[in-house]
Amino acid sequence: MTARIDLAAARVLVVGVGGLGAPIALALGQAGVGTLGLADDDEVDRTNLHRQVLFRDADVGRPKVAAGAEALARRFPQLRVVAHPTRFLVANAVDLARAYDIVVEGSDNFATKFLTADACKLAGRPAVQAAAIGWRGTVLAASPAGAPCYRCIFEDIPREDAPNCAEAGVFGPVVGVVGALAADLALRHLAGESVSGTLITFDARGREPMRQRALRARPDCPLCGARPEIARVDVRRYVADTAAHD
Amino acid sequence: METIVRIPAALRPLTGGQDEVKAKGGTIGEILDDLDQRHPGLKDRLVDAKGVRRFINIYLGEEDVRFLKGLATEVKSGDSISIVPAIAGG
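Going line by line, the protein sequences match chains B and E.
Residue numbers for the first sequence follow my numbering, so the first one is 11 and each next one is one higher.
Residue numbers for the second sequence follow my numbering, so the first one is 171 and each next one is one higher.
Isolated chain B (complex conformation):
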């Protein structure tokens, strides 16, 4: 059976054009999404190439959004790619989110993950948030209404050192799987399916490699709870030392 939905009018913002952003963008382009925004301020490093499948050796040193936009244009001539050569920042996050139908975030840091959750809620946009490290990854989807959200399950930025991919490494095939899962949730949302509250964990070396759970909205969530505290994005919330750890 084949199912087709018209995605030509769909606008998707990909936050983080790295190991996760690459398979996310490729899957969305392949599916026929009309407009893809790419937000990242980083440049392609040689150590990225084993997992960031949008890039080639010749791209080393180039801005990821420029190299990624070219790679996507070569592959999908009908796709409109909008390059945003910037990090997702307090100053631009809500406006960027509002300019798209859905945000798919695959960044490599907690600050961007929490900012994405907050900005999407404030902009009224759904978010799919993906992360991968080592052999493991998580993907979750939050609704336009914002509940449940990333802060329902991960309340604040970890204060103590948590490994990131630059320190702990991330294995190429893992971001392929996790990125594909994130793209799948985004496409299902665009197709009208309710995916909000889906949490998928993937562990390539675990006895149970993939598990899907229903995320529950936390009544006291500071972002989407009954009395939300987060009414605007504030830079102090995205720094581990000053995040609300009362």
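Check each hint, because a few of them may be wrong.
Not the full set, but computed from the structure, chain B residues with beta-carbon under 7 Å of chain E [as the list claims (entries may be wrong)]: (1) A76; (2) F120; (3) A141; (4) R146; (5) F164; (6) M220; (7) R223; (8) V243.
Here are a few chain E residues that sit away from chain B, every Cβ distance over 10 Å (derived from the structure) [claimed, not checked]: (9) A180; (10) T185; (11) G195; (12) D204; (13) P210; (14) G211; (15) K213; (16) L216; (17) R236; (18) L241; (19) A242; (20) K246; (21) G248; (22) S252; (23) I257.
Simulated from the structure, these hints should not be mistaken for laboratory data.
The beta-carbon is built from N, C-alpha and C at its ideal position, and this holds for glycine as well.
Knowing the structure of chain B, use the given hints to seat chain E on it.
Chain E only, in chain B's frame:
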């Protein structure tokens, strides 16, 4: 009564690389105490003075223990416990 606890990759250095370990106890808190005896340092990575750390989730079956009774959540024979930490990377 022993319960299976699934350990995320980030914490496996504390369990000798094992992705599943056994622990005894009638509540989540007791199980974490037993885990810490068997794998010193593990409990501190999961809880602080206020309970389950804010960027860690402990699931009893399919349910986040925050929505049950937290560390006082009772555990029955045959239950499985999973730990889902916040991760960043890509």
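Evaluation of the provided hints:
The beta carbon of A76 (chain B) is not positioned within 7 Å of any beta carbon in chain E (closest approach about 19 Å), and the interface hint is therefore violated. About 5 Å separates the beta-carbon of F120 (chain B) from the nearest beta-carbon of chain E, less than 7 Å, and the hint is met. Among the interface hints, the one on A141 (chain B) holds; its C-beta lies about 5 Å from the nearest C-beta in chain E, closer than the 7 Å criterion. The interface hint given for R146 (chain B) is met, as the beta carbon of that residue sits about 5 Å from the closest beta carbon of chain E, less than 7 Å.
For the restraint placing F164 (chain B) at the interface with chain E, the shortest Cβ-Cβ distance is roughly 4 Å, inside the 7 Å limit, so the hint holds. Evaluation of the M220 (chain B) hint against chain E yields a violated restraint, the C-beta minimum of about 13 Å exceeding 7 Å. Interface restraint check: R223 (chain B) against chain E, minimum CB-CB distance 6 Å, threshold 7 Å, status holds. At a threshold of 7 Å, the smallest CB-CB gap from V243 (chain B) to chain E is about 18 Å, leaving the interface hint violated.
Its closest Cβ contact with chain B, about 7 Å, brings A180 (chain E) to no more than 10 Å, contrary to its assignment away from the interface. The beta carbon of T185 (chain E) is kept farther than 10 Å from every beta carbon of chain B, the shortest such distance being approximately 13 Å. Every Cβ of chain B is farther than 10 Å from the Cβ of G195 (chain E); the closest lies at roughly 22 Å, confirming the non-interface assignment. For D204 (chain E), the shortest C-beta to C-beta distance to chain B comes to about 21 Å, beyond the 10 Å cut-off, and the non-interface label holds.
Once the 10 Å rule is applied to beta carbons, P210 (chain E) is consistent with being away from chain B; the minimum gap is 17 Å. The beta carbon of G211 (chain E) sits about 13 Å from the closest Cβ of chain B, which is more than 10 Å, so the claim that it is off the interface holds. For K213 (chain E), the non-interface assignment is confirmed: its Cβ lies about 15 Å from the closest Cβ of chain B, beyond the 10 Å cut-off. For L216 (chain E), the non-interface assignment is confirmed: its Cβ lies about 12 Å from the closest Cβ of chain B, beyond the 10 Å cut-off.
Not every beta carbon of chain B lies more than 10 Å from that of R236 (chain E), the smallest distance being close to 7 Å; the non-interface claim is violated. Once the 10 Å rule is applied to beta carbons, L241 (chain E) is consistent with being away from chain B; the minimum gap is 16 Å. Every CB of chain B is more than 10 Å from the CB of A242 (chain E) (nearest about 18 Å), matching its label as outside the interface. The non-interface label for K246 (chain E) is consistent with chain B: the shortest C-beta to C-beta separation is roughly 19 Å, beyond 10 Å.
Its beta-carbon lying about 16 Å from the closest one in chain B, G248 (chain E) satisfies the requirement of being farther than 10 Å from that chain. For S252 (chain E), the shortest C-beta to C-beta distance to chain B comes to about 8 Å, within the 10 Å cut-off, and the non-interface label is violated. At roughly 5 Å from the closest C-beta of chain B, the C-beta of I257 (chain E) falls inside 10 Å, breaking its exclusion from the interface.
Hints 1, 6, 8, 9, 17, 22 and 23 from the earlier list are contradicted by this structure; the remaining hints agree with it.
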